[in-house]
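Read top to bottom, the protein sequences are chains A and B. According to this note's numbering, the first sequence holds residues 32 to 319 in order. According to this note's numbering, the second sequence holds residues 656 to 1048 in order.
Misleading hints may appear alongside valid ones.
[Said to hold, decoys possible] Once the Cα atoms are required to be at most 27 Å apart in a straight line, the calculated DSSO-like pairs of lysine-lysine come out as:
hint, chain 1, residue 1, chain 2, residue 2
1, B, Lys694, A, Lys88
2, B, Lys912, B, Lys932
3, B, Lys803, B, Lys777
4, B, Lys1040, A, Lys95
5, A, Lys88, B, Lys1041
6, B, Lys694, B, Lys726
7, A, Lys95, B, Lys1028
8, B, Lys803, B, Lys817
9, A, Lys95, B, Lys1041
10, B, Lys703, B, Lys1040
11, B, Lys932, B, Lys694
12, B, Lys886, B, Lys1028
13, A, Lys88, B, Lys912
14, B, Lys947, B, Lys735
Quick caveat, the hints were computed from the structure, so don't treat them as lab data.
Now for the letters of each chain:
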Amino acid sequence: MRRHIILLLTAPWLLTLIVFWVFPVVYSFWLSFTDHSVFSSGTFVGLDNYARLFHDKAFLLALKNTAFFVVGTIPFTTVIALVLAMLIAEKIPGYKIFKAVYFLPSITSMVVISLIFVSLYSRDGYLHLLGRLLGLAVPENGFLFSTATALPAIMFMDIWVAIGYYVLLFLAGILAIPPEINEAAALDGAGFWRKLIAITMPQIRPMLMFILVINTIRSFQIFIEIFVMTRGGPVGSTSTLVYFVYEEGLRRFNIGYASAAAYMLFILILILSLLQMKLLKGRQGVAG
Amino acid sequence: MKQKLTAVIFALTITVSCAPSREKQTLEFWHFWTDPQAKPVIEHVVGKFEQDNPGWKVNLTDLTWTDGHQKIVVAFGAGKPPDLLELGSDWIAEFAFSGALAELNYDTSGMLLVNNAVLDGKIYGRPWFVDSRVLYYNLDLFERASAKAPSDWMELEQVCAKISSLGDGIAGFAANSNEPHRLYKKFLPFLWSAGGDISCGTDICLETEPMHRSLEYYARLVRAGRIDSQKNLEDAFIEGKIGVIMSGGWLLQRLEKLKPPFGFRLETMVPEDSTKKGISFAGGEFLVIPAKSSKKEMAQKLMALLTGSEYGRILCDSVGFGFPPYRHIAPTDSNRTVLFNQLQNSRIAPLHPQWVYIEQIIENMVEAVMLGKMSSAQAIAAAQKKIADVRDH
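Isolated chain B, as found in the complex (with noise of 0.2 Å):
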């Protein structure tokens, strides 16, 4: 009896041990898409994941642009990232150089902005959302200052000033300062549209015929402008403050929200001059499979989901800015438009492994010239020379 009653027991553990486990298997999701328009999109998407693939359960978790970088570097410092992170295009050179990205393998003909997260010939993200920035122009104030839209720097730097001397706290052009991550978007597209750029193979060169025209040149636009953080800026703007300001489609989704009092257009960069192209800033939200993930391939298949043509441009719909990645998903207003042609022309910061090292230094030279701190040949030397010692330690 005593081993009759043994063996059924074991065979009882042996049946339930070698059962197959009804627990789905989870997929860790991060992301930035948190406001109440964009959220159900990505939910929606999720859901779609977990019924085409039974068995699997995505976890999504919420993370802010206040703290979200932190938090996502915390957890590959601890070793435990997600399976699946969404990045910003900004970010991606200082995890993938730090060889916490896994190399992925799609097919990227007919994406815009791929070469944001290309290194050395591998591919370490795929992208989601872009947008670019365009200049905002005031048309009333355009009018009351009798200028007409510029068509190169120095038509633009005289509207600004004509717009200036209207005063009673009226401003001609819009410039950044006391935030990091922002004067330097703001600043570059001058360099390109002057034929220059910081890239020198794979070092930084500021010590060039451009970078000086064009840090004189901003620094020019600057004093007959408004310097202050990005949403005063915008505020004033939207104010009626401000002639010309440099900004993304989300100042156009306010100002179609709140509908000013006064006529406003996006035009593309004014070019240095008839002979050039006016080249912006360009950015967005990628994602990206971190090189620890145990579930990669399931999580190029959310990735796939998540970035496909179809959701992409919900997901844009939804947020009332930005566009899918594609060149051939072209907007139909000709606001959106305008954006749409900047980010054709448009560039993205330099993947650098010091980039958060170098854009701060870009930062602080700009800021130097604007203030009257120094020359701009003063600011531009010593920023070189910090640049080496970056690169020296």
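The shape of chain A in the complex, shown without the other chains (with noise of 0.2 Å):
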């Protein structure tokens, strides 16, 4: 009866798990073995589409837009995040309005920030003006119509935008860290430095990992920022894999090949993930 009681009361979660994300998941995965297109049910061609994605010169420069989007944004992300955070739990005079202030791009419509930079890149634009102020040799046409300045101009703003989130996550870990233990090292002796990398860094390794990992995810999976500020252009410079599965499912609606793309890029996730969670956890090992 118990039982039949927690089914039925879960029941409408399930349902909805099974239905939206189970579902499309294994179906997509089966589609990815498939020539399947809007038009035409397909007929199953095994590894062909993702034999096909190693020789497409569109998915591989994706690919390595992406990646470069992924090293470049992280270690800026999570560093300064740090930094932020350090100041703020240090009590520093205003800290609870610089809190609420670098959360708010967090909780803003990301197509509303792309937008507002659209016209801070453009060639009018106060951002290109403060550069050519500063004598700096900024593209003539604004920054997103550039081949060398359009994706690090996103990666910028991806910086800006992401790093309140990181913040808070971060504060919560050295908030959560006993304070007698940097009471007993500062009595010891301990400066700054040496509290930093003896006693905070440790302490905050899980939450480390978790940031990483989820920010590894969230950078491989760019999308709202290319469709509005550049649909991949110019010249395919801002083109990363979301946007490529975007093209080929919704665009060309080959349906078959973007859902290979997408579970290339999951399986790209997934290793990375699995890896940073394995160096971390193994550093952790060392340490403790």
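Reconstruct the complex from the two isolated chains, following the hints.
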């Protein structure tokens, strides 16, 4: 009887999970082995779609751009967020305001933020003007219309947007460190850097691992910024993996091929996340 | 008694089930005219159709240009498309080649852009609203740069360079980037005006002499100009910061409404030299009937009413730009006459089953040369190879 009630009460959630999560995941996995398109049910093609991806220059470019985005944003986001969290933890004057201000971009629509930055980066935009005033070699038609600056400009915006969320997470980790540990270290004559290396970093390692994993997943899935700001241009210089999946699936209707690309992305994220967890857990073992 | 009652109930049941249904038959019509000027026109025509055809009701569904294409694709994919559907001119090929559209039969004489909907001699759509792209000149900037209206490409390049040299953020020419479906519409007119084309039979051929000439020329023109999105470029033209821009009738409507403090003029596409014609890009809206519709006859009736010259003209007047697709309906004012004349010398995107890929390859090719990433020869060769790859898949 009790089992039946539990099943009944969890049924709405279970049904939602099966219909909107499990089924699409399993079905798209099957589709990745077919040449299914919107207008035809398609036939089984085995691993052809996956093999084709490795020869598709557009996919390889999207992979390269995504890797550049991930490598170029995660270290900055993590380090800046950690520094800001430590400053806030020191309760510097006005720290509550800073906490709210840093978090503000995280609760603002990414479409809105992207549109604002399109304007800031444009030929007549404030950031372009600032660059000119500082005597920097800014691209003539704005940051988003140069193959050299379009992706770094989006990365800069993304770092700005993401920091606030990670500041809060780091702050939670730092504030969870028992104060007596730091007090004892101070009595023993430990300075700021010593406390950071010997106490803070080991204590917040689980949080650091969590932040690195979710930041990696989020960075690999970058899409809205690209869709709103550049549509993968100019000359494919901002095309990313999820944007590639969108183009293949929803503009060219190659559902099978797009599914294969999506699963490649999934495998990539899975491997990197497992690697990060293994590395950080390993270090924790040594430190512990 | 019991037998009598059973007989009465039986008789009543038969009467009710055999009585003619008063419920109207519905016709599903999906369209993109959601702006407050055009929607009442559509509703009026639909009302007239319902009045003329008692027993029929038209269900109007509004689509937006942002996600309308996806909704249409999903509807076709689910096997539940509407009975009548509006499509952009560059979408006809992808749906027609996939067998999703019904073949139509109507009198095409005197109609513009019908070829845009003809595949293997069969008609799959009916033009509803057509427009072309022309060159808009800022006459004040022309005067400040001591330039006169160009008659060939060389003069156009000189004019744009002179205007750019005025400084103060002023650009001679406007070029698109970072927006799919835009750049090829601006570049192909240069190729066509150089006597070239990308279609060679059923294939796409880029490695031609006119392609090399027009691509090199376009890149030079862009370097004396501004690269931006279409909206930003048009805004900049209205602000008086651009000398020459290629655009459609919608820009004329904005200029007439906003009345900028400078003189402007519309001109047909400048030819490469005096021996050639200036050819531009034409596009517009078409009505199609999905192959799966079970009400094709009535859908075609509504289609004929909507695209007729009477309501076509009213629709264009309400929107403020565009033309009904008939050669005999010429505008009276001089600016719209330029657009209408250009329409007679305009071409459409090639009807190719893989156009959605080819379009992007061409846009990347032009962008690569425009931004100095490749020489025109390198970009054309790379694009041709990509097209071969797409064809092989």
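Hints, verified against the model:
Annotation: proposed proximity of lysine 694(B) to lysine 88(A) is violated, straight-line Cα distance about 44 Å (limit 27 Å). Distance check on the hinted pair: lysine 912(B) and lysine 932(B) sit about 32 Å apart at the alpha-carbon level, beyond 27 Å; violated. About 46 Å separates the Cα atoms of lysine 803(B) and lysine 777(B), which puts this hinted pair outside 27 Å; it is violated. Of the pairs offered as hints, the one joining lysine 1040(B) and lysine 95(A) holds, with about 21 Å between alpha carbons and a cut-off of 27 Å not exceeded.
This hinted pair checks out: lysine 88(A) and lysine 1041(B) have alpha carbons roughly 9 Å apart, not beyond 27 Å. The straight-line distance between the Cα atoms of lysine 694(B) and lysine 726(B) is roughly 20 Å, inside the 27 Å bound, and the hint therefore holds. For the suggested pair lysine 95(A) and lysine 1028(B), the alpha carbons sit about 18 Å apart, so the restraint of at most 27 Å is met. Of the supplied pair hints, the one linking lysine 803(B) and lysine 817(B) holds, its CA atoms being roughly 11 Å apart against a limit of 27 Å.
The straight-line distance between the Cα atoms of lysine 95(A) and lysine 1041(B) is roughly 19 Å, inside the 27 Å bound, and the hint therefore holds. Proximity of lysine 703(B) to lysine 1040(B) is assessed by CA-CA distance (about 53 Å); at most 27 Å being required, the pair is judged violated. At most 27 Å may separate the alpha-carbon atoms for a hinted pair to count; lysine 932(B) and lysine 694(B) exceed this at roughly 38 Å. A hinted pair counts as satisfied when its Cα atoms are at most 27 Å apart, and lysine 886(B) with lysine 1028(B) qualifies at roughly 25 Å.
Distance check on the hinted pair: lysine 88(A) and lysine 912(B) sit about 46 Å apart at the alpha-carbon level, beyond 27 Å; violated. For the hint linking lysine 947(B) to lysine 735(B), the alpha-carbon distance of about 8 Å falls within 27 Å, and the restraint holds.
The structure fails hints 1, 2, 3, 10, 11 and 13 (numbered hints given earlier, in ascending order).
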